[in-house]
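Participant: Line by line, the protein sequences are chains A and B. Just add 2 to the spot in the first sequence (first one is 1) and you have our numbering. Just add 148 to the spot in the second sequence (first one is 1) and you have our numbering.
Just so you know, the hints here were simulated from the structure itself, not pulled from any lab data. Please note: incorrect hints may appear among the correct ones.
Computed cross-link-like contacts, DSBU-like style, restricted to lysine-lysine with a CA-CA straight-line distance of at most 35 Å [claimed, not checked]:
1. A/K100 / A/K58
2. B/K166 / A/K100
3. A/K59 / B/K184
For reference, the chains in residue letters:
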Amino acid sequence: TQLLEQSPQFLSIQEGENLTVYCNSSSVFSSLQWYRQEPGEGPVLLVTVVTGGEVKKLKRLTFQFGDARKDSSLHITAAQTGDTGLYLCAGLSSGTYKYIFGTGTRLKVLA
Amino acid sequence: ETGVTQTPRHLVMGMTNKKSLKCEQHLGHNAMYWYKQSAKKPLELMFVYSLEERVENNSVPSRFSPECPNSSHLFLHLHTLQPEDSALYLCASSQGPQETQYFGPGTRLLVL
């Protein structure tokens, strides 16, 4: 069974701090997405990474796909209260229609 | 607003009821999905449709019955559910079955 483990599970930080969330697996994925989900809503896509070693930046968010396409990280610089939410990674197994979702990281940024 | 809408947003039903969840996408996508999101568990893929044909059924009990009449609409028909089926049911769509998915806001279902 393919699994995507995210760490940490929970994170509570002060506004202005930096943080990194990890998404790890023993399986190779052809692509990987990061989503943010707020209470009572569906996940909203942040980024898709496809190439091993790829780095993408979205304002204060930096996403990296591992060289072997088995893991990914999300780094947030100078966190803001609006960054609060559940962060999910999702990997697409090669040759399938099946996205595997990670266990999630619940982030709370305090003012 | 992601271009994927779901109705109803909240639903309470008894174990003997029959109800349907509806999803509509306005993105011109060809693939649609149903997911279940329970507390403390990762999102679970239930069904995948590509060009109105079911291409994935992830061992879902028969009390959940999907229907995809066209590429813009997806239904999930529910009957004789159990309390453990209470969850957030999310619909998603993508250009093709291996493309990036866009999610609707979900239907929060409570089975009494």
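Participant: Now tell me, hint by hint, if it's right for this structure.
Facilitator: Verification of the supplied hints:
Restraint check for A/K100 and A/K58: the C-alpha separation of about 24 Å stays at or below 35 Å, so the hint holds. Using a Cα cut-off of 35 Å, the hinted pair B/K166 and A/K100 holds, with the two alpha carbons roughly 28 Å apart. Annotation: proposed proximity of A/K59 to B/K184 holds, straight-line Cα distance about 30 Å (limit 35 Å).
The earlier numbered hints are all upheld by this structure, with none contradicted.
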